[in-house]
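J.: So you can see what is in the structure, the chains are spelled out below.
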Amino acid sequence: MKYIDEYRKKDLILSISEKLKSVSTKEIVLMEVCGGHTMAIHRFGLPSLLPATIRLISGPGCPVCVSPQYFIDKALAFSRIPNVIVTTYGDLIRVPGSTTSLEKERANRSDIRIIYSVLEALTIAKNNPGKSIVFLGIGFETTAPLTAAAILEARKENITNFFVYSAHKIMPPVMKALVEEGVKIDGFIAPGHVSAITGTAIYDNLASECGLGVVVSGFEPVDMMQSILMLTSQIEAGTPKVEVQYQRVVKTNGNKTAQHLLAEVFETRDDSWRGLGVIKESGLKIRKHLSTFDAEQHFEVRVPESFEPKGCICGLILRGLKTPVDCSLFGKKCTPADPVGACMVSGEGTCATYYKYRS
Amino acid sequence: MHDLIADVFMKHFGNDILSEQTDSAILSLGSDEIAFTTDSFVIDPLFFPGGNIGKLAVCGTINDLAVTGAVPLYLSVSFIIEEGFPMKDLEIIVESLAEEAKKAGVLIVTGDTKVVNKGKCDKLFINTTGVGRISKRDRNISRALDIKPGDLILINGTIGDHGIAVMNARESFNFKSAVVSDCASLNTIIREVLDKTAVKFMRDPTRGGVATVLNELAGKIQLGIVLEESALPLETAVEAMCELLGFDPLHIANEGKVLIVAGKDEGLKVLEIMRENELGTKSAIIGYVVNEYPGRVVLQNQTGGHRIIDSLAGDQLPRIC
Numbered sequence: 001m002k003y004i005d006e007y008r009k010k011d012l013i014l015s016i017s018e019k020l021k022s023v024s025t026k027e028i029v030l031m032e033v034c035g036g037h038t039m040a041i042h043r044f045g046l047p048s049l050l051p052a053t054i055r056l057i058s059g060p061g062c063p064v065c066v067s068p069q070y071f072i073d074k075a076l077a078f079s080r081i082p083n084v085i086v087t088t089y090g091d092l093i094r095v096p097g098s099t100t101s102l103e104k105e106r107a108n109r110s111d112i113r114i115i116y117s118v119l120e121a122l123t124i125a126k127n128n129p130g131k132s133i134v135f136l137g138i139g140f141e142t143t144a145p146l147t148a149a150a151i152l153e154a155r156k157e158n159i160t161n162f163f164v165y166s167a168h169k170i171m172p173p174v175m176k177a178l179v180e181e182g183v184k185i186d187g188f189i190a191p192g193h194v195s196a197i198t199g200t201a202i203y204d205n206l207a208s209e210c211g212l213g214v215v216v217s218g219f220e221p222v223d224m225m226q227s228i229l230m231l232t233s234q235i236e237a238g239t240p241k242v243e244v245q246y247q248r249v250v251k252t253n254g255n256k257t258a259q260h261l262l263a264e265v266f267e268t269r270d271d272s273w274r275g276l277g278v279i280k281e282s283g284l285k286i287r288k289h290l291s292t293f294d295a296e297q298h299f300e301v302r303v304p305e306s307f308e309p310k311g312c313i314c315g316l317i318l319r320g321l322k323t324p325v326d327c328s329l330f331g332k333k334c335t336p337a338d339p340v341g342a343c344m345v346s347g348e349g350t351c352a353t354y355y356k357y358r359s
Numbered sequence: 001m002h003d004l005i006a007d008v009f010m011k012h013f014g015n016d017i018l019s020e021q022t023d024s025a026i027l028s029l030g031s032d033e034i035a036f037t038t039d040s041f042v043i044d045p046l047f048f049p050g051g052n053i054g055k056l057a058v059c060g061t062i063n064d065l066a067v068t069g070a071v072p073l074y075l076s077v078s079f080i081i082e083e084g085f086p087m088k089d090l091e092i093i094v095e096s097l098a099e100e101a102k103k104a105g106v107l108i109v110t111g112d113t114k115v116v117n118k119g120k121c122d123k124l125f126i127n128t129t130g131v132g133r134i135s136k137r138d139r140n141i142s143r144a145l146d147i148k149p150g151d152l153i154l155i156n157g158t159i160g161d162h163g164i165a166v167m168n169a170r171e172s173f174n175f176k177s178a179v180v181s182d183c184a185s186l187n188t189i190i191r192e193v194l195d196k197t198a199v200k201f202m203r204d205p206t207r208g209g210v211a212t213v214l215n216e217l218a219g220k221i222q223l224g225i226v227l228e229e230s231a232l233p234l235e236t237a238v239e240a241m242c243e244l245l246g247f248d249p250l251h252i253a254n255e256g257k258v259l260i261v262a263g264k265d266e267g268l269k270v271l272e273i274m275r276e277n278e279l280g281t282k283s284a285i286i287g288y289v290v291n292e293y294p295g296r297v298v299l300q301n302q303t304g305g306h307r308i309i310d311s312l313a314g315d316q317l318p319r320i321c
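These protein sequences, in sequence, are chains A and B. Using the working numbering, you'd call the opening residue of the first sequence number 1 and step up by one each time. Using the working numbering, you'd call the opening residue of the second sequence number 1 and step up by one each time.
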């Protein structure tokens with residue numbers, strides 16, 4: 001398949017692996033921030049192709065995993081309002097809230113629908129004028145522009161029964177927070193699709209202020225290996241900087257149209273991340289002039305106190321401090337069929353990835 | 001589903017025949033043996049590229065009989081119809097049901113119809129029950145009795161076509177895709193294979209896909225199964241949709257595929273025979289049985305690594321970004 005096969009060539013992967021072994025002398029820790037990268041690394045067995053000096057740790061880049069328990073609990077509360085249809089991307093439906101999940105609530109007669117694009121939620125709103133449609137907006141700079149476009153479309157078409165419960169988040173503040181917290185990282189493998197929207201300037205201060213290398217990477221094994229080689233070479237030479245490996249998709253200035261959409265619809269706010277706590281200016285809130293589309297403004301719901309599942313170490317895993325195999329629940333009480341923590345639910349969650357690709 | 005079967009149905013119904021848990025039950029009636037199976041079909045949408053619920057209801061039951069080694073003979077068909085269901089659609093469905101039964105050489109000999117109030121069922125549900133004749137030689141095929149390391153795993157063509165075709169018809173992806181369901185009755189191709197070779201095991205990888213069938217088999221025989229990623233037959237469009245949505249084709253349902261385990265020499269003969277049949281032109285040897293990894297299915301990937309392939313847990317959910 002075009003754009004896939006070229007980037008999965010065994011010879012090419014092995015030749016980068018050989019080169020890495022000759023370049024790498026220092027012991028380094030690289031964090032792949034994006035869940036898609038974690039998945040690719042394990043799916044293609046890349047750790048076995050790296051020299052012993054390079055250690056990869058997973059970061060907080062799976063949108064389902066970083067949404068706090070409170071978000072699920074509040075979404076559940078919305079779903080219990082009469083005449084409300086909750087629409088959500090697939091993964092979220094199985095994340096356990098404090099007492100139940102959207103999947104279980106759906107079996108309990110709440111109207112909860114899985115959609116593949118936020119625009120489907122708009123269609124549902126148009127087709128059900130007597131109902132209120134709440135879309136659960138999760139994801140980073142990659143999915144937030146779509147939510148923004150849907151809100152503007154709803155305004156244009158005068159659709160008044162469409163609401164967004166935004167838990168959208170942005171990437172740079174959490175990456176900086178991890179460094180400031182003292183997590184030992186020598187460089188970041190940065191999510192390619194975030195930069196496809198934002199461009200690369202968002203990482204400049206990580207290089208200039210924190211002295212860390214950042215390589216914006218694609219998602220195929222050749223991409224990943226090449227990014228690791230670029231980062232390692234930077235670190236070995238002592239010249240940390242922001243580079244783009246994923247040049248076939250990422251432009252330095254990103255996608256201006258998507259950036260304008262984001263700026264028109266959202267403003268940043270302090271936001272809570274599962275296991276990481278509140279991070280300054282890391283979330284996206286719907287701007288005041290569009291508050292008629294903001295589910296939090298429109299509906300008043302009582303959300304019982306949220307609590308994290310006992311024994312679950314998702315928070316430490318999301319910070320790269322532990323790996324899933326360090327968790328006493330992993331593979332025993334917590335499996336994809338019966339998940340305890342969010343990281344076991346999403347296809348991109350670190351725990352689900354470790355479980356799926358364990359050997 | 002597995003837990004439901006074990007914890008509720010087997011607990012109350014359990015007997016020696018049921019506990020074999022094969023696709024069809026094999027019953028002794030005096031000196032003759034028959035295979036007996038039933039299946040209910042609920043699918044959204046009712047019409048999809050490559051078929052509809054009627055064709056599916058025949059193929060599904062015929063295949064359950066055929067993979068047990070039986071020659072399918074008779075079917076019953078029951079309809080549960082939601083009030084207001086368009087007569088025109090019902091007729092198209094019944095017509096393809098009859099056509100498929102004729103093509104497969106089985107007779108529909110009994111049936112039932114219920115019409116329920118609006119909202120009490122989703123448009124149309126169909127149940128089919130099938131009876132077939134089974135010879136003494138073939139009666140152990142679903143039991144996987146004689147599988148050894150070195151045996152080959154074969155499939156009669158591309159993986160995941162049905163699941164992707166239905167999903168594409170159901171969801172609003174708006175992909176312009178030519179993926180067509182593989183929905184087909186396999187009794188003829190299976191009969192050719194059984195008449196000319198000695199196979200050790202057969203099953204149709206429907207819901208849960210190839211991964212789920214092979215995991216059940218590996219668990220039963222307590223040997224490992226290695227699949228070669230590069231050998232898996234895949235339509236490009238299926239592969240592309242799986243890449244986009246984050247699905248594993250090994251977990252996607254098929255409705256016209258049979259997985260076969262055979263010894264090395266027999267396996268090569270099976271491959272040759274299947275490739276000659278129109279339902280097997282893309283047949284392939286996709287893996288083999290090993291002593292290592294007992295009870296597990298392992299995929300040897302194209303980049304030289306390997307990973308464990310589990311059964312499907314719950315529904316496949318697309319990834320978010």
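Heads up, some of the hints might be wrong.
DMTMM-like mimics (lysine to aspartate or glutamate), calculated; alpha carbons at most 20 Å apart, straight line [to be verified]:
{"no.": "1", "chain 1": "B", "residue 1": "K196", "chain 2": "B", "residue 2": "D315"}
{"no.": "2", "chain 1": "A", "residue 1": "K126", "chain 2": "A", "residue 2": "E103"}
{"no.": "3", "chain 1": "B", "residue 1": "K264", "chain 2": "B", "residue 2": "D315"}
{"no.": "4", "chain 1": "B", "residue 1": "K120", "chain 2": "A", "residue 2": "D294"}
{"no.": "5", "chain 1": "A", "residue 1": "K9", "chain 2": "B", "residue 2": "E228"}
{"no.": "6", "chain 1": "A", "residue 1": "K2", "chain 2": "B", "residue 2": "E239"}
{"no.": "7", "chain 1": "A", "residue 1": "K332", "chain 2": "A", "residue 2": "E308"}
{"no.": "8", "chain 1": "A", "residue 1": "K356", "chain 2": "B", "residue 2": "E292"}
{"no.": "9", "chain 1": "B", "residue 1": "K264", "chain 2": "B", "residue 2": "D310"}
{"no.": "10", "chain 1": "A", "residue 1": "K356", "chain 2": "B", "residue 2": "E216"}
{"no.": "11", "chain 1": "A", "residue 1": "K332", "chain 2": "B", "residue 2": "D310"}
{"no.": "12", "chain 1": "B", "residue 1": "K136", "chain 2": "B", "residue 2": "E20"}
{"no.": "13", "chain 1": "A", "residue 1": "K104", "chain 2": "B", "residue 2": "D3"}
{"no.": "14", "chain 1": "A", "residue 1": "K2", "chain 2": "B", "residue 2": "D265"}
{"no.": "15", "chain 1": "A", "residue 1": "K10", "chain 2": "B", "residue 2": "E292"}
{"no.": "16", "chain 1": "B", "residue 1": "K148", "chain 2": "B", "residue 2": "D265"}
{"no.": "17", "chain 1": "B", "residue 1": "K114", "chain 2": "B", "residue 2": "D146"}
{"no.": "18", "chain 1": "B", "residue 1": "K264", "chain 2": "B", "residue 2": "E239"}
{"no.": "19", "chain 1": "A", "residue 1": "K9", "chain 2": "A", "residue 2": "E220"}
{"no.": "20", "chain 1": "B", "residue 1": "K123", "chain 2": "B", "residue 2": "D44"}
{"no.": "21", "chain 1": "A", "residue 1": "K9", "chain 2": "B", "residue 2": "E243"}
{"no.": "22", "chain 1": "B", "residue 1": "K176", "chain 2": "A", "residue 2": "E120"}
{"no.": "23", "chain 1": "A", "residue 1": "K333", "chain 2": "B", "residue 2": "D7"}
{"no.": "24", "chain 1": "A", "residue 1": "K9", "chain 2": "B", "residue 2": "E239"}
{"no.": "25", "chain 1": "A", "residue 1": "K356", "chain 2": "B", "residue 2": "E228"}
{"no.": "26", "chain 1": "A", "residue 1": "K333", "chain 2": "B", "residue 2": "E229"}
{"no.": "27", "chain 1": "B", "residue 1": "K120", "chain 2": "B", "residue 2": "E83"}
{"no.": "28", "chain 1": "A", "residue 1": "K156", "chain 2": "A", "residue 2": "E308"}
{"no.": "29", "chain 1": "B", "residue 1": "K102", "chain 2": "B", "residue 2": "E278"}
{"no.": "30", "chain 1": "A", "residue 1": "K356", "chain 2": "B", "residue 2": "D248"}
{"no.": "31", "chain 1": "A", "residue 1": "K10", "chain 2": "B", "residue 2": "E229"}
{"no.": "32", "chain 1": "A", "residue 1": "K104", "chain 2": "B", "residue 2": "E278"}
{"no.": "33", "chain 1": "A", "residue 1": "K322", "chain 2": "A", "residue 2": "E300"}
{"no.": "34", "chain 1": "A", "residue 1": "K251", "chain 2": "A", "residue 2": "E220"}
{"no.": "35", "chain 1": "A", "residue 1": "K126", "chain 2": "B", "residue 2": "E171"}
{"no.": "36", "chain 1": "B", "residue 1": "K123", "chain 2": "B", "residue 2": "D112"}
{"no.": "37", "chain 1": "B", "residue 1": "K118", "chain 2": "A", "residue 2": "E308"}
{"no.": "38", "chain 1": "A", "residue 1": "K2", "chain 2": "B", "residue 2": "E83"}
In short, the hints are calculated from the structure, not lab data. Predicted, not measured: the structure shown is a model, and the values here were computed from it.
J.: Would you mind marking each hint as holding or not holding in the structure?
T.: Hints, verified against the model:
1. Distance check on the hinted pair: K196(B) and D315(B) sit about 38 Å apart at the alpha-carbon level, beyond 20 Å; violated.
2. A threshold of 20 Å between alpha carbons decides the hint, and for K126(A) with E103(A) the separation of about 24 Å lies outside it, so the pair is violated.
3. Restraint check: the Cα-Cα separation between K264(B) and D315(B) comes to about 35 Å, which exceeds 20 Å; the hinted pair is violated.
4. Distance restraint check for K120(B) and D294(A): the Cα-Cα separation of roughly 36 Å exceeds the 20 Å cut-off, and the hinted pair is therefore not satisfied.
5. For a cut-off of 20 Å, the pair hint linking K9(A) to E228(B) stands: about 16 Å separates their Cα positions.
6. For the hint linking K2(A) to E239(B), the alpha-carbon distance of about 11 Å falls within 20 Å, and the restraint holds.
7. Between K332(A) and E308(A) the alpha-carbon distance is near 18 Å, which keeps this suggested pair within the 20 Å criterion.
8. Note on K356(A) and E292(B): the hinted pairing holds, with a Cα-Cα distance of about 19 Å set against a maximum of 20 Å.
9. The suggested pairing of K264(B) with D310(B) is violated, with an alpha-carbon distance near 25 Å, which exceeds 20 Å.
10. A threshold of 20 Å between alpha carbons decides the hint, and for K356(A) with E216(B) the separation of about 17 Å falls inside it, so the pair holds.
11. The straight-line distance between the Cα atoms of K332(A) and D310(B) is roughly 15 Å, inside the 20 Å bound, and the hint therefore holds.
12. The suggested pairing of K136(B) with E20(B) holds, with an alpha-carbon distance near 17 Å, which does not exceed 20 Å.
13. For the hint pairing K104(A) with D3(B), the CA-to-CA distance comes to about 17 Å; that is within 20 Å, so the pair holds.
14. For the hint linking K2(A) to D265(B), the alpha-carbon distance of about 36 Å lies beyond 20 Å, and the restraint is violated.
15. For the hint pairing K10(A) with E292(B), the CA-to-CA distance comes to about 25 Å; that exceeds 20 Å, so the pair is violated.
16. A distance of roughly 13 Å separates the Cα atoms of K148(B) and D265(B); the hinted pair therefore holds under the 20 Å criterion.
17. Taken as a hint, the K114(B) and D146(B) pair is broken in the structure, with Cα atoms around 45 Å apart against an allowance of 20 Å.
18. A C-alpha spacing of about 29 Å is found between K264(B) and E239(B), which places the hinted pair above 20 Å, so the restraint is violated.
19. Between the alpha carbons of K9(A) and E220(A) the distance comes to roughly 10 Å, so the proposed pair stays at or under 20 Å and holds.
20. Proximity of K123(B) to D44(B) is assessed by CA-CA distance (about 9 Å); at most 20 Å being required, the pair is judged to hold.
21. As the CA atoms of K9(A) and E243(B) are separated by approximately 17 Å, the hinted pair is consistent with the 20 Å bound.
22. For the proposed pair K176(B) and E120(A), the alpha carbon gap of about 18 Å is at most 20 Å, so the pair holds.
23. Under the criterion of a C-alpha separation no larger than 20 Å, the hint pairing K333(A) with D7(B) is consistent with the structure, at around 19 Å.
24. Our distance criterion of 20 Å between C-alpha atoms is met by K9(A) and E239(B), whose separation comes to about 17 Å.
25. With a CA separation close to 17 Å, the supplied pair K356(A) and E228(B) stays within the 20 Å bound.
26. Only pairs whose Cα atoms come within 20 Å are accepted, and K333(A) paired with E229(B) is rejected, the gap being roughly 31 Å.
27. Between K120(B) and E83(B) the alpha-carbon distance is near 9 Å, which keeps this suggested pair within the 20 Å criterion.
28. With a C-alpha separation of about 40 Å, the suggested pairing of K156(A) with E308(A) is violated against the 20 Å cut-off.
29. Between the alpha carbons of K102(B) and E278(B) the distance comes to roughly 18 Å, so the proposed pair stays at or under 20 Å and holds.
30. A C-alpha spacing of about 11 Å is found between K356(A) and D248(B), which places the hinted pair at or below 20 Å, so the restraint holds.
31. Simply put, K10(A) and E229(B) have alpha-carbon atoms about 13 Å apart, close enough for the 20 Å limit, and the pair holds.
32. About 44 Å separates the Cα atoms of K104(A) and E278(B), which puts this hinted pair outside 20 Å; it is violated.
33. Pair hint K322(A) plus E300(A) does not hold up; C-alpha atoms about 38 Å apart against a cutoff of 20 Å.
34. For the proposed pair K251(A) and E220(A), the alpha carbon gap of about 18 Å is at most 20 Å, so the pair holds.
35. Distance check on the hinted pair: K126(A) and E171(B) sit about 17 Å apart at the alpha-carbon level, within 20 Å; holds.
36. Taking the CA atoms of K123(B) and D112(B), the gap is about 16 Å. The hint holds against a cut of 20 Å.
37. Taking the CA atoms of K118(B) and E308(A), the gap is about 43 Å. The hint is violated against a cut of 20 Å.
38. Taking the CA atoms of K2(A) and E83(B), the gap is near 48 Å; set against the 20 Å cutoff, the hint is violated.
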